[in-house]
Amino acid sequence: MATKKIGDVILDVKNISLSFGGVKALTDISFNVKEHEIRAIIGPNGAGKSSMLNCINGVYTPQQGAITFRGKTFSHMDSHQVAVMGIGRTFQNLALFKGMSVIDNLMTGRNLKIKSGLLMQALRLGPAQREEEFHREKVEHIIDFLEIQAFRKTPVGQLPYGLQKRVDLGRALAMEPQVLLLDEPMAGMNVEEKQDMCRFVLDVNEEFGTTIVLIEHDMGVVMDISDRVVVLDYGKKIGDGTPDEVRNNEEVISAYLGTSH
Amino acid sequence: MAFFLETLFGGLMAGMLYSLVALGFVLIYKASGVFNFAQGAMVLFAALAMARFSEWVPLYLGISNAVAANLIAFVGAAVVMFIVAWTIENLVLRHLVNQEGTTLLMATLGIAYFMEGLGQSLFGSSIYKIDIGMPKDPMMILDRVFDGGIMINQEDLYAAIIAATLVALLSVFFQKTATGRALRAVADDHQAAQSIGIPLNHIWVIVWCVAGVVALVAGMIWGSKLGVQFSLATIALRALPVVILGGLTSVPGAIVGGLIIGVGEKLSEVFLGPYVGGGIEIWFAYVLALGFLLIRPQGLFGEKIIDRV
Numbered sequence: 001m002a003t004k005k006i007g008d009v010i011l012d013v014k015n016i017s018l019s020f021g022g023v024k025a026l027t028d029i030s031f032n033v034k035e036h037e038i039r040a041i042i043g044p045n046g047a048g049k050s051s052m053l054n055c056i057n058g059v060y061t062p063q064q065g066a067i068t069f070r071g072k073t074f075s076h077m078d079s080h081q082v083a084v085m086g087i088g089r090t091f092q093n094l095a096l097f098k099g100m101s102v103i104d105n106l107m108t109g110r111n112l113k114i115k116s117g118l119l120m121q122a123l124r125l126g127p128a129q130r131e132e133e134f135h136r137e138k139v140e141h142i143i144d145f146l147e148i149q150a151f152r153k154t155p156v157g158q159l160p161y162g163l164q165k166r167v168d169l170g171r172a173l174a175m176e177p178q179v180l181l182l183d184e185p186m187a188g189m190n191v192e193e194k195q196d197m198c199r200f201v202l203d204v205n206e207e208f209g210t211t212i213v214l215i216e217h218d219m220g221v222v223m224d225i226s227d228r229v230v231v232l233d234y235g236k237k238i239g240d241g242t243p244d245e246v247r248n249n250e251e252v253i254s255a256y257l258g259t260s261h
Numbered sequence: 001m002a003f004f005l006e007t008l009f010g011g012l013m014a015g016m017l018y019s020l021v022a023l024g025f026v027l028i029y030k031a032s033g034v035f036n037f038a039q040g041a042m043v044l045f046a047a048l049a050m051a052r053f054s055e056w057v058p059l060y061l062g063i064s065n066a067v068a069a070n071l072i073a074f075v076g077a078a079v080v081m082f083i084v085a086w087t088i089e090n091l092v093l094r095h096l097v098n099q100e101g102t103t104l105l106m107a108t109l110g111i112a113y114f115m116e117g118l119g120q121s122l123f124g125s126s127i128y129k130i131d132i133g134m135p136k137d138p139m140m141i142l143d144r145v146f147d148g149g150i151m152i153n154q155e156d157l158y159a160a161i162i163a164a165t166l167v168a169l170l171s172v173f174f175q176k177t178a179t180g181r182a183l184r185a186v187a188d189d190h191q192a193a194q195s196i197g198i199p200l201n202h203i204w205v206i207v208w209c210v211a212g213v214v215a216l217v218a219g220m221i222w223g224s225k226l227g228v229q230f231s232l233a234t235i236a237l238r239a240l241p242v243v244i245l246g247g248l249t250s251v252p253g254a255i256v257g258g259l260i261i262g263v264g265e266k267l268s269e270v271f272l273g274p275y276v277g278g279g280i281e282i283w284f285a286y287v288l289a290l291g292f293l294l295i296r297p298q299g300l301f302g303e304k305i306i307d308r309v
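The listed protein sequences derive, respectively, from chains A and B.
According to my numbering, the first sequence is numbered sequentially starting from 1.
According to my numbering, the second sequence is numbered sequentially starting from 1.
Bear in mind the hints are in silico, worked out from the structure with no lab data behind them.
The structure displayed is predicted, hence computed values, not measured ones.
We put the beta carbon where it would ideally sit given N, CA and C, even for glycine.
A couple of the hints might just be wrong.
Here are the simulated distance ranges between beta carbons [what the hints assert, rightly or not]: (1) B/Ile63 / A/His76: 45 to 55 Å; (2) A/Val84 / B/Leu169: 23 to 33 Å; (3) B/Leu109 / A/Ala66: 22 to 32 Å; (4) B/Phe82 / A/His76: 22 to 32 Å; (5) B/Val97 / A/Phe134: 45 to 55 Å; (6) A/Gly71 / B/Thr234: 38 to 48 Å; (7) A/Gln158 / B/His202: 47 to 57 Å.
Take a look, some chain A residues computed to stay more than 12 Å from chain B by CB distance [said to hold, decoys possible]: (8) Lys5; (9) Val23; (10) His36; (11) Ala83; (12) Phe91; (13) Arg110; (14) Ile148; (15) Arg152; (16) Lys153; (17) Asp168; (18) Asp203; (19) Asn248; (20) Ser254.
Sample of chain B residues facing chain A (criterion: CB under 10 Å; computed from the structure) [said to hold, decoys possible]: (21) Phe173; (22) Ser195; (23) Gly197.
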């Protein structure tokens, strides 16, 4: 990982505050994400990790602060615009298209890239057909990459949990995002599934050069794979730096890691 | 035998028309996960627009050619249905993204009453007729095989052909196009669909528009058979058993369901009716649907409901 080239700041979060009624979910949070890095957001339950991700993704609109993505600053975005700009995400509680096959789920991820008109698609005219084949090839590549070849025609709802998580990742990958937001990609998995998922996250980062922002509970996982870590507690940022720096941060130790370290 | 076939064909053709109405339900359910109570109101609204436009076009535009006048009226009514779709999306659906299915269901109930009222105040509330020039005379086929042949209602035959064509086009649209895939994705999960960049608002306008055109075709055919009047809004209720039978999520299901109900109604009326004093046609479909709910709640072709416990 030392050889990996980390670029300039691609995503810059500045002074974000978000509250629901009287509950302050996030207070004055600032951090940045550099191109090609794996950036983790950690913190105890209710620390505001998912809220943070949802702000970047446009699901929530923060009351204060701004987010800059590739030089463009915005304080309010909707999810669709965010996707157009090249930010993909996966969900903590799976949000797959359960009735559709694995292939169709992944193909929906290509939706933004499909250019041919409705009529062309319906009539299966040459260009539309070629386009469909081109996207199908891309999707097949992702299926190979995630090692889910055997399930490509299976309705996603019938797959075991660990595989559904992979499909969720695959669908986000199919968008060819520049930044990928992963909301607890390893939640509820057994050790083997976790190892697999770790490998995929690292491979995505290395092979596709995708910048990754991930939320995770499992401390071991986070410290192993991330380049830099943000620590949240009760909606406030209490630490930011490399895994080693965070590990030795007094405040983080007392708030999150306990005293064993 | 000839009589049996005659009943069978009659049932199949009537069934095709049920399918057409059922299709409207399926389209919207597939794309937004909403059971659209306003489907019947949309049929009435579209038929009223079509009927009045075909009166107004010769009157105000001076076009006396019946085919041209009907065509213009159809396009006009289609535009009206587009405006309706756009308005519904902007005023109602847009504000209900990520809400429970029940909330959306109640919203369509409101839309239904509103459209029934608006349609009648815009276009009038008398009985109007649509004459798209479908031949009314019955025709005889297979008269070499059977003595006297089999009588077929030509109007029903044409209507069935139109319905079948529309259904075929829509199946291709849903299963084979990227837009169709996006529609199915939206039906499954709004939030996830948005996160991969499917424009929800856009998709909803498309699907309500398509459902509007389906309602228009249904309204046109039923209207030319029965006259355009308020009771047209209730044919949606006749399509309800069809949807239950075929499955809410399946376009082919709407067709097969419609055919089964159409044939079932006619055959049971003719062959079972005499034993119980007749009148089976009215309730047969509902009883059949009830039976199906007990055995196969997702319908014949519906997606199996898989839930993790």
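For each hint, the structure was consulted:
1. B/Ile63 / A/His76: 45 to 55 Å: Because 50 Å falls inside the window, the suggested range holds.
2. A/Val84 / B/Leu169: 23 to 33 Å: At roughly 30 Å between Cβ atoms, B/Leu169 and A/Val84 fall inside 23 to 33 Å, so the hint holds.
3. B/Leu109 / A/Ala66: 22 to 32 Å: For A/Ala66 against B/Leu109, whose Cβ atoms are near 42 Å apart, the range 22 to 32 Å is violated.
4. B/Phe82 / A/His76: 22 to 32 Å: holds, 30 Å
5. B/Val97 / A/Phe134: 45 to 55 Å: violated, 31 Å
6. A/Gly71 / B/Thr234: 38 to 48 Å: 59 Å Cβ-Cβ, so the 38 to 48 Å window is violated.
7. A/Gln158 / B/His202: 47 to 57 Å: violated, 30 Å
8. Lys5: Fine: 28 Å to the nearest Cβ keeps A/Lys5 off the interface.
9. Val23: Non-interface label on A/Val23 holds, nearest chain B Cβ at 20 Å vs cutoff 12 Å.
10. His36: holds, 22 Å
11. Ala83: At roughly 3 Å from the nearest Cβ of chain B, A/Ala83 sits no farther out than 12 Å, so the non-interface label is violated.
12. Phe91: violated, 7 Å
13. Arg110: violated, 8 Å
14. Ile148: For A/Ile148, whose nearest Cβ neighbour in chain B is about 18 Å away, the distance exceeds 12 Å, so it holds.
15. Arg152: holds, 15 Å
16. Lys153: A/Lys153 clear of chain B: closest Cβ-Cβ about 14 Å, beyond 12 Å.
17. Asp168: violated, 8 Å
18. Asp203: holds, 21 Å
19. Asn248: holds, 36 Å
20. Ser254: holds, 36 Å
21. Phe173: holds, 5 Å
22. Ser195: With a minimum Cβ separation of about 5 Å from chain A (threshold 10 Å), the hint on B/Ser195 holds.
23. Gly197: With Cβ-Cβ at 3 Å, under 10 Å, it holds.
The structure fails to meet hints 3, 5, 6, 7, 11, 12, 13, 17 from the earlier list, while all remaining hints are met.
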